[in-house]
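Start from the sequences and build out the full structure, keeping to the hints where you can.
Protein chains in written order, with numbering that gives the first Met the number 0: chain A, 0 to 437; chain B, 0 to 231.
Mixed in with the good hints, there may be bad ones.
Chain B residues, not near chain A, derived (Cβ > 10 angstroms throughout) [stated by the list, open to error]:
hint, residue
1, Leu15
2, Asn52
3, Gly59
4, Asp79
5, Gly154
6, Tyr209
7, Ile215
Label-pair distances were calculated between CB atoms; the ranges are [claimed, not checked]:
hint, chain 1, residue 1, chain 2, residue 2, range
8, B, Ala58, A, Lys243, 25 to 35 angstroms
9, A, Met390, B, Ala158, 55 to 65 angstroms
10, A, Gln285, B, Asn14, 37 to 47 angstroms
11, A, Met31, B, Thr13, 50 to 60 angstroms
12, B, Glu185, A, Pro15, 48 to 58 angstroms
Just so you know, these hints were derived from the structure itself, not from any lab. Here the structure is a predicted model, which means the values were calculated and not measured. All C-beta atoms in this analysis are idealised placements derived from N, C-alpha and C, irrespective of residue type, glycine included.
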Amino acid sequence: MDSEKQVLKTSSTYTPEAIAAIQERAELGRYMIRGYGAFRNVPRFDDLVFLTTSLTRLPLEGYREKCTTKTLIGTRYAQRPMELEIPITIAGMSFGALSYNAKVALGRAATLLGTSTTTGDGGMLPAEREASSKLVYQCLPSRYGFNPTDLKKADAIEIVVGQGAKPGGGGLLLGQKVNKVVAGMRTLPEGVDQRSPCRHPDWIGPDDLRIKIEELREATEWEIPIYVKMGATRVKDDVKLAVKAGADAIVLDGMEGGTAATQSIFQEHAGIPTLPALVQAVEALQEIGVYGEVQLVISGGIRSGPDVAKALALGADAVSLGTATLIAMGCNKPVYIEDYHKLGTEPYHCHHCHTGMCPVGITTQDAELMQRLPIDEATTYVANYLQSLVMEVQSLARACGKSDVHNLEREDLVALTLEASAMAKLPLAGTDFIMGQS
Amino acid sequence: MHQTIPQQIVIDCTNLTTREINQKLKALASEGISTKLLNPAGRHNLAVGITQNIIISIAGPVGYYCGGLSDNINIEVFGDCGWSVGENLMSGNITIHGNASANAAASAHGGKICILGNAGPRAGISLKGATLIVSGNVGYGSAFMMQQGCMIVCGDAGANLADSIYEGAIFVGGEINSLGADAKLELMNDTDWQLLEQELSAFNISARDYNFKKVICAKRLYHFKAKDWGNY
Ligand SMILES: Cc1cc2nc3c(=O)[nH]c(=O)nc-3n(C[C@H](O)[C@H](O)[C@H](O)COP(=O)(O)O)c2cc1C
Ligand code: SF4
Chain A
0 MDSEKQVLKT SSTYTPEAIA AIQERAELGR YMIRGYGAFR NVPRFDDLVF
50 LTTSLTRLPL EGYREKCTTK TLIGTRYAQR PMELEIPITI AGMSFGALSY
100 NAKVALGRAA TLLGTSTTTG DGGMLPAERE ASSKLVYQCL PSRYGFNPTD
150 LKKADAIEIV VGQGAKPGGG GLLLGQKVNK VVAGMRTLPE GVDQRSPCRH
200 PDWIGPDDLR IKIEELREAT EWEIPIYVKM GATRVKDDVK LAVKAGADAI
250 VLDGMEGGTA ATQSIFQEHA GIPTLPALVQ AVEALQEIGV YGEVQLVISG
300 GIRSGPDVAK ALALGADAVS LGTATLIAMG CNKPVYIEDY HKLGTEPYHC
350 HHCHTGMCPV GITTQDAELM QRLPIDEATT YVANYLQSLV MEVQSLARAC
400 GKSDVHNLER EDLVALTLEA SAMAKLPLAG TDFIMGQS
Chain B
0 MHQTIPQQIV IDCTNLTTRE INQKLKALAS EGISTKLLNP AGRHNLAVGI
50 TQNIIISIAG PVGYYCGGLS DNINIEVFGD CGWSVGENLM SGNITIHGNA
100 SANAAASAHG GKICILGNAG PRAGISLKGA TLIVSGNVGY GSAFMMQQGC
150 MIVCGDAGAN LADSIYEGAI FVGGEINSLG ADAKLELMND TDWQLLEQEL
200 SAFNISARDY NFKKVICAKR LYHFKAKDWG NY
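The following block contains the structure:
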């Protein structure tokens, strides 16, 4: 009897997680909402490895020889393309979702590294403009705070069609974060649960988008680049349509991409992972002969130098980081533990950005909580983190014999799993076998 | 290319690119000169992104986004207009002597957009503070997610008027096909009538000739509650 008892059986269908999810819904009577991106395991850049040099190719000296990182985005039509010192940008995260201090720190860190940061759903914060030497201004379906004066201050425009965390869904900012300032910037009643639209108010399909892009160009004298950001779903067709509509650059966000709040069903069950999304986007650009002319920025779950290097090798011009920059400034850090407990979570497990009660002052509008995030310290952390990523990318590039990180290529990679082989269309390590092709 | 008559410059659009037309308009705006555009021929994106005072009269129909992303402008169009006229307008006046297609005044923050004719679906969508006046009818989905401002429709309104509206008011002189989620009728008061008389008299329309009804937000769906799902 006793020995039988010790072997507890677990259903593969009704796992502890599935049971908890059913019971949570039974209590709430609605779907679950959370921050972060997909939690499920998906094929990712970690499933690829570099074939660095040995006898067939020569490496560059790791600590001495130059390996350049300059990156240009928006060379197709814009008179003033975005000139970045590094191939890593900071993704659009709204003031509202993020605290003032977090926004300003991201701007300053980006400026220190010579890269761009991006506004978000809710308009351009004057302090953010001041802090950021290169600022991308998002044009979202909600158009909260969008106006021609700020438009003229932008260094690039990003038309947001969708996000990887919620492709086909709109933004969400629960009432606890819609304080007087946030509500004022968005022309909304204070404290309202803001559910942003998912369709743009003034255009609908790709043919209209073409005219919308012309309007934005006319309003900005054809000077600055226009990016189109999409969540990764039907990537090949979507990329081609965005190019046809006149985009200078495509920003593609895979399903691992973070958010401050959405329904967990979108995070887990909508969109495709960043790895296959990137591969399909590159193919789409090549098929219509604009690869290199229309730049590609990829995002969603990118958190290490190797991730960045592999994205570049697969054909991205740059990557964009959201969640990882927040983690760099202290998201999920084991401090103020009692406040994580109040949210019913623990450091390393928190995804409670939607509550507005961020224990470390990042995704909150509460003045006291925000004090926990001193701007200078947060700036240094993010800048250090970005710098370390660049160093890692350079190290890998040199070891592959490249004097520019953009010279990393598919040839330099192989896959460790059959899934990654199929999705990246790369040979399985140690074989000539490409899943689905051979 | 342009011929000067006292205080007004005439630009013939026929052989100019949209870029050239808008550049000319912006240069004239900075000098405060009024302008007449000939032969617009339904062209998209005329007079967009102008943020200095200018008076523009357009002789003929225009395409999408006429006067979009502008501030402090005065435009009169003698003809019909395409989608999203006055999109994101901040201040000034746009008057259309004709019909407007979809999304008239989409997301407009301020100023006044007047359609002396009918407007298509989604008129006043995401309106953020501007005034939209339509002397005829508006199509379905008008004032969807309206956030602030005022919409006056002398004729009928299509299905789902003011769905998910946050604030502001809509006045309809004719029939309302149906109201959208969280929109409700409110009794007209004297101030409302005064406002209508004042706004419409500029177009020789007498507000009292219409049986105006007022639509505002019921504010029952401001907060996301599971029990409300049947309303969507
Ligand atoms: C807190 C937070 C707020 C965000 N807000 C926006 C937004 O306003 N607009 C937008 O296009 N994307 C928004 N995103 C998505 C990011 O722009 C980006 O697509 C995503 O963070 C990339 O994935 P990563 O978080 O794994 O790096 C947000 C993401 C986070 C984490
Ligand atoms: S620590 Fe703050 S930013 Fe990080 S997941 Fe929790 S609430 Fe979000």
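Status of each hint after checking the structure:
Every CB of chain A is more than 10 angstroms from the CB of Leu15 (chain B) (nearest about 13 angstroms), matching its label as outside the interface. Look at Asn52 (chain B): its CB is around 14 angstroms from the nearest CB on chain A, clear of 10 angstroms, so calling it non-interface holds up. A cut-off of 10 angstroms between C-beta atoms confirms that Gly59 (chain B) is not in contact with chain A; the least separation is 18 angstroms. Its beta-carbon lying about 16 angstroms from the closest one in chain A, Asp79 (chain B) satisfies the requirement of being farther than 10 angstroms from that chain.
At the 10 angstroms boundary, the C-beta of Gly154 (chain B) stays outside the reach of chain A, the nearest C-beta of that chain being 22 angstroms off. Every CB of chain A is more than 10 angstroms from the CB of Tyr209 (chain B) (nearest about 27 angstroms), matching its label as outside the interface. Against chain A, the non-interface label of Ile215 (chain B) holds: every CB pair exceeds 10 angstroms, the least being about 12 angstroms. Between Ala58 (chain B) and Lys243 (chain A) the C-beta distance comes to about 33 angstroms, which sits within the given range of 25 to 35 angstroms.
In this structure the supplied range 55 to 65 angstroms holds for Met390 (chain A) paired with Ala158 (chain B), their Cβ-Cβ distance being about 59 angstroms. Between Gln285 (chain A) and Asn14 (chain B) the C-beta distance comes to about 38 angstroms, which sits within the given range of 37 to 47 angstroms. Separated by about 59 angstroms at the C-beta atoms, Met31 (chain A) and Thr13 (chain B) satisfy the suggested range of 50 to 60 angstroms. In this structure the hint that Glu185 (chain B) and Pro15 (chain A) lie 48 to 58 angstroms apart at CB holds, the actual value being about 51 angstroms.
Of the hints listed earlier, there is not a single one the structure fails to meet.
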